[in-house]
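Enquirer: Residue numbers (the numbering used here), protein chains in the order written: chain A, 1223 to 2009; chain B, 47 to 199; chain C, 523 to 787.
Calculated directly from the structure, the hints in this document are not laboratory data.
Idealized CB from N, CA, C, for every residue including glycine.
Keep in mind that a hint or two might mislead.
[To be verified] Straight-line C-alpha distance at most 25 angstroms; calculated DMTMM-like pairs for lysine to aspartate or glutamate:
1. B:Lys57 <-> C:Glu768
2. C:Lys561 <-> A:Asp1823
3. B:Lys138 <-> A:Asp1255
4. A:Lys1353 <-> B:Glu64
5. A:Lys1794 <-> A:Asp1823
6. A:Lys1851 <-> A:Asp1809
7. B:Lys57 <-> A:Asp1255
8. A:Lys1353 <-> B:Asp62
9. A:Lys1764 <-> A:Glu1847
[Stated by the list, open to error] Between beta-carbon pairs, the in silico distance windows are:
10. C:Phe744 <-> A:Asp1950: 40 to 46 angstroms
11. C:Gln562 <-> A:Pro1719: 43 to 49 angstroms
12. A:Pro1637 <-> B:Arg129: 40 to 46 angstroms
13. A:Asn1377 <-> B:Asp62: 55 to 61 angstroms
14. C:Gln562 <-> A:Asp1277: 25 to 31 angstroms
15. A:Pro1925 <-> C:Ala787: 56 to 62 angstroms
16. B:Gln58 <-> C:Gly581: 27 to 33 angstroms
17. C:Leu564 <-> A:Ala1278: 23 to 29 angstroms
18. C:Gly718 <-> A:Pro1367: 52 to 58 angstroms
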Amino acid sequence: MSSAIIKPNGIGAAAPRKEDYRFITGNGHYTDDINRPGQAYASFVRSPHAHATIDAIDFTDALAAPGVLAVLTGKDVAADGLGGLICGWLVHSKDGSPMKTGAHPILALSHVRYVGDHVAVVIAETAAQAKDAAELVNVSYGELPSVTAVAEARNPAAPQVHPEAPRNTCFEWELGDKAATEAAFKTAARIISLDIANNRLIPNAMEPRAAIGEYDKGTGIYTLHTTSQNPHVARLVLSAFVGVAPENKLRVIAPDVGGGFGSKIFIYSEETVCVWASKKAGRPVKWVADRSESFVSDAHGRDHQTHAELALDANGKMLALRVKTIANLGAYLQLFSASVPTYLYATLLSGQYDLPAIYCEVDGVLTHTAPVDAYRGAGRPEATYVVERLVETAAREIGMDPAEFRRRNFIRKFPHQTPVIMAYDVGDYEASLNEACRLIDYANFPVRKREAEARGMRRGIGFSAYIEACGIAPSAAVGSLGAGVGLWESAEVRVNPTGSVEVLTGAHSHGQGHETTFAQLVSDRLGIPIENVEIVHGDTDKVQFGMGTYGSRSGAVGMSAIQLALDKIITKARKIAAHVLEAGEGDIVFEDGRFTVAGTDRGMAFAELALQAYMGHKFPTSEIEPGLKETSFYDPTNFTFPAGCHIAEVEIDPGTGTVRVVKFVAVDDFGNIINPMIVEGQVHGGVAQGIGQALLENAVYDPQTGQLLSGSFMDYCMPRADDLPSFDVGVTVTPAPSNPLGVKGCGEAGAIGSPPAIINAITDALGIRDIAMPVTPERAWRAANGL
Amino acid sequence: MTVVAMQVNGKQVSADVEPRTLLVHFIRENLQLTGTHVGCDTSQCGACVVHVDGKAVKSCTILAVQAAGAKVRTIEGLADGDRLHPLQAAFKEHHGLQCGFCTPGMIMTAADMLRRIPKPDETAIRHELEGNFCRCTGYHNIVKAIKAASEVM
Amino acid sequence: MYQFEYHRPKSLDEVTALLARCENPKILAGGMTLLATMKQRLAAPSDLIDLQDIAGMTGISVDAKNVAIGAMTPHHDVATSRDVAGAIPALAFLAGRIGDPLVRHRGTIGGSIANNDPSADYPSACLALGATIVTNVREIAADDYFRGMFETALKENEIITRIIFPIPQRAAYQKFPNPASRYAMVGVFVVKGANGVRVAVTGAGPGVFRMTAMEAALAKNFTSAALEGIAAPAEEMLQDMHASSEYRAALIGVMAKRAVAAMLA
């Protein structure tokens, strides 16, 4: 796809975004900006306890409060026969048994299992009245002991989250060749081991979750406006599993969505209740999360405890990797909870390295905390953190330059089958490492370090050579690993009689700029101005079906579907052009938006052809149907494997422990790039989230009470502008062979690659082996002063 | 309920509201100007920034009744008709926004910043953005856009 | 937020009358803490009495001896006042580091001092500079005013109108912010003036306090080195998920040394 000449607004151009105008002028339409006639408001009564029985709910006072229309509880949900929320990925333990967990009711029935769990909902005329009345709902709880940390959760005496999962163990899963790994460790000249924690994070998209459910009594059709990354999947789950409405009677619209980072993939209680309650209350029902509600009820991310060991031979060649991870799943499994610490994690443990043997065990553990699911990177950041911390530590301990140690172990021949399922198709890891070293001026780091020391600062440098897997496809492959859905994507290209084009995509944009990038592809292929292309997404009534946007999949899968639909459009258009231009189809050339007869000056613009297609005057409609509209469902042949090298330089003030990131270089191989400006923006945002994880962000539960201590921005440290440097971003390119565009995906790489680079830089600066994330000033101060 | 009147984006407006109504809710719900957003409930994220009597404030931490009689400007009133404010143009040109949710607050804060500090350097811009959170951009292109706007203003 | 009645009186007399009449009134200055607390439903006043229309409560005046700041003066005005910067630059510096620019446009010095949050910045300046807190009924020396976490010498229905800061020879403020909230995790205000050396600490303990051992050492030898080995009592410092008491105590030493170094620079 990479062409030498980049057309204005075509593939490879840094085209300004089509969607920006509405956002910079305040004309976006986020869910909370939408108001439906007669709408009422929902407020949820949430559990103040981490674990308790619900002994009684008295809502007499609430029901009598001003403006209150209804108070609904789990009993009403049960009476209406609604199902619970589901996990769409089934993982099996090493003994072959399926994962174990309890039901996930929309409103709790007998027990609450984390602080923030949904107990009841109040529907009232105004949002303030709903909140006022929610405080009047009197719930009698029988408080029970709780457990929030995985280390204690598996103690036989620990409080049980679900009776169905003894010792709070959801699964004990494994991947890789245990015997081969054990054998390799026996021959090792050197074994490097680390105990690694991957801190729990709260996604905090800037737009809090919101929903408006609406029921049309005349048609029986429900409409749900919601903050979703995948409205079709929401509709599927709400109809097929929850049973709130048949699929053909439920329209789900995800309008402008203010960031997702994974947290808006999932189907939550709140939007489910809005749909269901709209019929019961006879009014549209709106709910908008307060940020405090988001903290306790959005799915959290990460939260792993890992022991990892790397075996080396005498020459510093990697022989094997052994990993044991305990993953905190929270109180209930969310939509992809089971896949994140398993198939999205352990399959990436080979990193960029030629590792002959890997064995990984993952125990998924339930605790009295909010559900844990995919958050930007989803499993791959955890894998990268394990591998790149271990690799850097190994290099230091055998006295080898960390860049050289990596070079010695890079995979250099492709395709490469790793011991953990993945078959890497293409890559050039040394190219990105070398470019990153050049950009950060690695050779002169010692000079910078000495200069910093003269100022009383400790300076360190750290590498991270990450790999990840995107697209989350092909469908048959993920199906064999336990996915409940296929992970293809759909596209429909509609050419209008005037030659303008609408593209309906199953992908969903919530910041990624699809309206621009996808339009660039269409503009480039059809030779029409980008202004003539409209990207339509996020509405189940418009787009027939789609899998949504997560896992950095929309370029590789969603855009490939558009590419294939465009192929069909051009094929049909050439047939029509041959008739209109009275030439053989083989003589029709389509170039720069014109159909011409080879070797003549006869031709027509794409818009003229479109009009002819709809008039049907000049071609036999018995052979060629009139109109110009094509659909494609594209299923890729492999995952894509974005990879790259991040290098961080930090300076630490030993007096206070303040860590400042003074330089950050990211060199990524995303394959072909459609819009470099947008791709760089994705890297910036991802790196900021990774630096946030490494230095600032931490979701902390009180181990005794199970209360979320970091329950607001007062205590959960979001990265601010002055916490971060400007980033130096570079690219190398090996086009992906598994899709027609050669693209790989860029949405998560920043968050995947950056945390180990930061921690490697800090441990380098302080001359220590390990330090826990987030490296708060106090942690760095203690380490710097040997405390 | 109490009647609140003020000038918003040059127009005189009034509505009957509860005293507990925050300015942001008055703007969003009574005036239907939904460009001003609510991103938190602890007065930190800055998605709700508007100008009250020429100064940038968090409209989630001021009551509508407190702003009675004031001149308020929101993101909807920043452009000069169809001509974008230089900051709006710079945010678009330099990709200073992704999901767009923090953008109105970010731009209103930046407009106030450049009023007070016409030519800020990168450090000053980052310090001045202390009250505005963005989860998408890593701030890199926001800083770039504000710098670029300051150079043409 | 719960329901309340809102009042916007024009005079202090009206304020006093309202305070006497209302069941559970609260004075609304900038509202940066009060409204945030009410939004969380952690406060439920029956009435809010907004001071914004009271004449004479906003503004800064500087003479040869003092800087006087009206209680309703926003932090931004203090931070950017040439007069303050000329007389007590450390005070302007401090005001420019409260909250963020948006908070500084609304938040007031009177509100901050009346609230006496243990991690607020202004109390350290008041205590170190030996400020006088002027109310509608009396004048209170800063030494007598701050009474620990959220506690002050203010009587019920007493209203701060002005704060008078004596101009020192030199002063400096060093703040180590909580990374999440940006309140002071430790803030140290050091003053050298007519009353000798004073060192006030905010953020670290359950209310602003003076480090008398540091003051004594600096009175003898005003250098950073003089503070070597003088530690705050860790067992009396605050401890939370962000910082241990031991770390806070250590930061006091570091921030104090840096303040002294800044004063000597």
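Enquirer: Does each hint hold? Answer for all of them.
Expert: Status of each hint after checking the structure:
no., hint, verdict
1, B:Lys57 <-> C:Glu768, "violated (56 angstroms)"
2, C:Lys561 <-> A:Asp1823, "violated (72 angstroms)"
3, B:Lys138 <-> A:Asp1255, "holds (22 angstroms)"
4, A:Lys1353 <-> B:Glu64, "holds (15 angstroms)"
5, A:Lys1794 <-> A:Asp1823, "holds (22 angstroms)"
6, A:Lys1851 <-> A:Asp1809, "holds (23 angstroms)"
7, B:Lys57 <-> A:Asp1255, "holds (21 angstroms)"
8, A:Lys1353 <-> B:Asp62, "holds (20 angstroms)"
9, A:Lys1764 <-> A:Glu1847, "holds (22 angstroms)"
10, C:Phe744 <-> A:Asp1950: 40 to 46 angstroms, "holds (44 angstroms)"
11, C:Gln562 <-> A:Pro1719: 43 to 49 angstroms, "violated (57 angstroms)"
12, A:Pro1637 <-> B:Arg129: 40 to 46 angstroms, "violated (54 angstroms)"
13, A:Asn1377 <-> B:Asp62: 55 to 61 angstroms, "holds (59 angstroms)"
14, C:Gln562 <-> A:Asp1277: 25 to 31 angstroms, "holds (28 angstroms)"
15, A:Pro1925 <-> C:Ala787: 56 to 62 angstroms, "violated (46 angstroms)"
16, B:Gln58 <-> C:Gly581: 27 to 33 angstroms, "holds (29 angstroms)"
17, C:Leu564 <-> A:Ala1278: 23 to 29 angstroms, "holds (27 angstroms)"
18, C:Gly718 <-> A:Pro1367: 52 to 58 angstroms, "holds (56 angstroms)"
The structure shown violates the earlier hints numbered 1, 2, 11, 12, 15.
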